[in-house]
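> Here's the letter readout for the chains.
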Amino acid sequence: MIGRYLLRPRAFLNSICVLIVALVALSACGSSTTTGTGTGSSQTTAPIKIGISVSLSGDFSADGKALMEGYQLWASEVNKSGGLLGRQVKLDFASDASSTTQVVTNYQKFITVDHDDLVLGPYSTLLTKPSSVVASRYGYAFIEGAGGGPSVFTQGLHNLFAVSPPVVSQLNGFTSYILSLPASQRPTTAAYATEDDPFTQPMIDTAKAALEQGGIKTVFYKVYPAETTDYTPIAQGVVASHAQIVVLGSMLPDIIAYVKAFQQQHFNPEALAASAGPDQGSSFTGPIGGSNVAEGIMYPNGWYPGLNTYQNKQMVQDFIAMFGGTADQISADSAEAFSVGQVLQEAVNKIHSIDNTKLIAELHSDTFQTVQGPAKFNDQGENISAETAIFQWQKGSVVPVLPPDQASATPEFPKPNWP
Amino acid sequence: MGLIIEAIVTGILTGGVYALMSSGLTLIFGVMDIINIAQGILVILGAYLSFVLQQHFHIDLFLGLLITMPVMFGFGVLLEFVFIRPLKRDRTMLSLLVMYGLALVIEGVLNLIFSADLVQLQGWYTTASFNVGGFYLSYIYVFGFLLAVVLLAGLYWLVYRTKFGFSLRASMQNRVAAELIGIDVERISAITFGIGIALAAAGGMAFGATNAFDAASSYDLISRVLAIIIFGGMGSLSGALIASVGMLVVEDVTSVVWSPVWASTVFFILLVIILVVRPQGLLGQAEVRKQ
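Here the protein sequences line up with chains A and B, keeping their order.
Residues in the first sequence are numbered from 1 upward in steps of one, following my numbering.
Residues in the second sequence are numbered from 1 upward in steps of one, following my numbering.
Not close to chain B: a few residues of chain A, all C-beta gaps over 12 Å, as computed: (1) Val113; (2) Leu181; (3) Pro187; (4) Gln244; (5) Glu295; (6) Gln314; (7) Asp328; (8) Lys358.
If you want a taste of the chain A side facing chain B, the calculated C-beta under 7 Å gives, among others: (9) Ser57; (10) Ala62; (11) Tyr224; (12) Ile256; (13) Gln264; (14) Gln265; (15) Ser283.
Worth flagging that the hints you see were computed from the coordinates, not collected in a lab.
Glycine included, every Cβ here is placed at the ideal spot set by N, Cα and C.
Taking the hints into account, I'd like the entire structure generated from these sequences.
What follows is the structure in C-alpha cells.
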C-alpha cells in the first residue's frame, strides 16, 4: 500500500493535502461550534441546552432521582416565565449509575459531543469531584448543589460553585447541642461508623473530634467501603459498644440497614444522627417500616419545606403540583438542585449572557438568593453564606431543631425507643 | 469474643440465603453449561414480586412464595425456550451475551415500574428478634436460613433421589451420552432453568426482607453469587452451599475482628488461593460426577 504511494509521489502528496484540508475544515467546524455555545448571543431563539448527569441507578439512585426532579421543576418554572434570556431551557440528562467513570464520560459528552451551552452538577461529592475537573478543562462554569465535601474545594478549581452548605461543619449544631446539655443528662460515650466517602467521612471525623474534645469518649469507630452491602457486622459492633450517642456517616441504603439492625437488636441510643438518608422523606421511612420508626433521628441539612427563604414556599407548592406527594416527602436534594438553577438564572440575568467565562466571573463576585438561603462563593467555590440546620423526625414530620434561632421545635432528647 | 460468635452465627444464617441464590446458578451451569448472568436481576425480580403481593394483596412473604416460585419457574422455562434453546453454536459465550441483554431489559422494566427508590419487604419477623445467649437473633435471618435448608434439601432430594434427578445428573455429566440413552436433554434443561429461577425467587424474597433493594442491587448480587459458585466449584450444589456460608462468615468475622474495609478482600484472597490449588473450585466438576 505504502509502496504504491512511494511509486506515485504526486498522488501521495494530493492525499496528504486533502487530509490536511479536511482536518482544518473539521477543526474549524468544531471550534465554531464551541465558540457558538455559551456566547449568550441574544440573536438566537434556540433552547439553551444544559447538561446534567444524574444517578438513576446504583447507590445514589434515590438521591439522583430527587435531584433530577429539582432540576426539572426549576426548568419548568423558568420556561413558564418566558425562559432564560428569552430562550427556553432544555435539560440534557444522562444517567451515571452512581459511577465516577460514567459521570466523567457524561460531562465529556455534554460538552464535546452534545455541545451543551451549560452544565450543572451531579449528586454527591464523589461524582462532583471528577465531573468538575472535566467542566474546568473546557472552561465551563460548574454550579452544583450536592457535592460539599472538603476535597471538592481543594482541587484548585476556579469554575466550581457549591450552593449548599459545606459538609465538614454540618454536624456542628448537633455536637454543640450535646455538649451544651447539663452534666447530669450529657451522654458520655459515642459510636461512629462511616463510609469512606469524601462527603460522609470528613463530617463524621469533625463531629468525633468535637465530641472527644468535649469529653465524650469514643467507644466505637469504623470506616467501611462505600461498596459495602452487608452492614450487619458493623451494626453489631455499634450495638456491642453500648454507646449513648450514635453518629453515622451514611447514605440511604446504610441508614436503612442500621435502623433495621438496631431495631432487631433492641438497641436504643439516646441520640442517633446520620449524615444523609433520613432527609429522603418517604424513600427513607418506607423501607424502615414507617415514619414512626424514624422518630427522634437527626440529620443535618440546608433546607426543609418550611424554611423562610427566597421562593421556598412557592417551590414547595409547585413541586407538589408537579410530582404529587406532600411537603414532607420532598427530598432536600430536590431543593439543592432547584437552588443551583436559581443561582444560574440570577447570574445569567445579571450579565445578560450565558458565556461561561463571564458567568464564572459573575458567580465569584455577587451574592445570590436561593431556597436554601443566600449563596456567596469564596475563591474555592464554597458557599460562605450558607447555614446548616439540624433536623429531626418528630411525629411523622421533619422539623428543624437546631440551632435555636432556626428551630421550630425543641430537640427530642433522649430519642424514644423503637416502636 | 461475643462479637465474633455473633458474626459467625449471622454469617451462617445470611450464607443460607446466598446459597439459595447461588444453587440455582450453579445448577443451571452444571446441566446446561451456561452462566446465567441474569441471575442477579432475576433474584431482584423475585423480591419485587413478593413486594407486590405483600403491598397490594397483603400476602405474607413466605406464603407468597407459593405463588412467586411457580410463576418464576414458568418464566424460567419460557426464557430457556425463547432465548437459550435456539443457541446451537458457541452456546456458553452467546448465552452470556443474551442473558446480559435480558438482564438489562428486566432492569429497565423494573426501574420503569418501581422507580429507583429503595424498597424493603416488611413483616412482623423483619424487625422482631429473640434473645440467645446475650444477643438478639433476628427472626427473618432464622426463617430465611430455614427456608434455604428446606428448599436445598428438597433440591437435593430431587437431584439425587428421583428419576428426574438421574436424568439431570446424566445431562450434567455428558449431554450427548445422555441423549444417546434416551434422555430428553432439552426438556431437562428447560426444567432445570425453571428450578434455578424459582430458587432465585425464594432467595430474592429472603434478600429483600433483609436488605433494602432496587433494580441496581442486582449488580452486586451477581458479582457475589458468581464468586460463590467459582469458589464452591461450578456445577456443585454442595460447593455452592459451603462457599456461600464460608464467604459470609469470612466477611463478617473479618469485619468485626479487623475492619470492614478488608472484609471482601480477605474472601477474594481465599478465592485466589483456592483457584491456584484447585482450579475447579472447592467441590468442582470431578466431585459432582463422583456423587
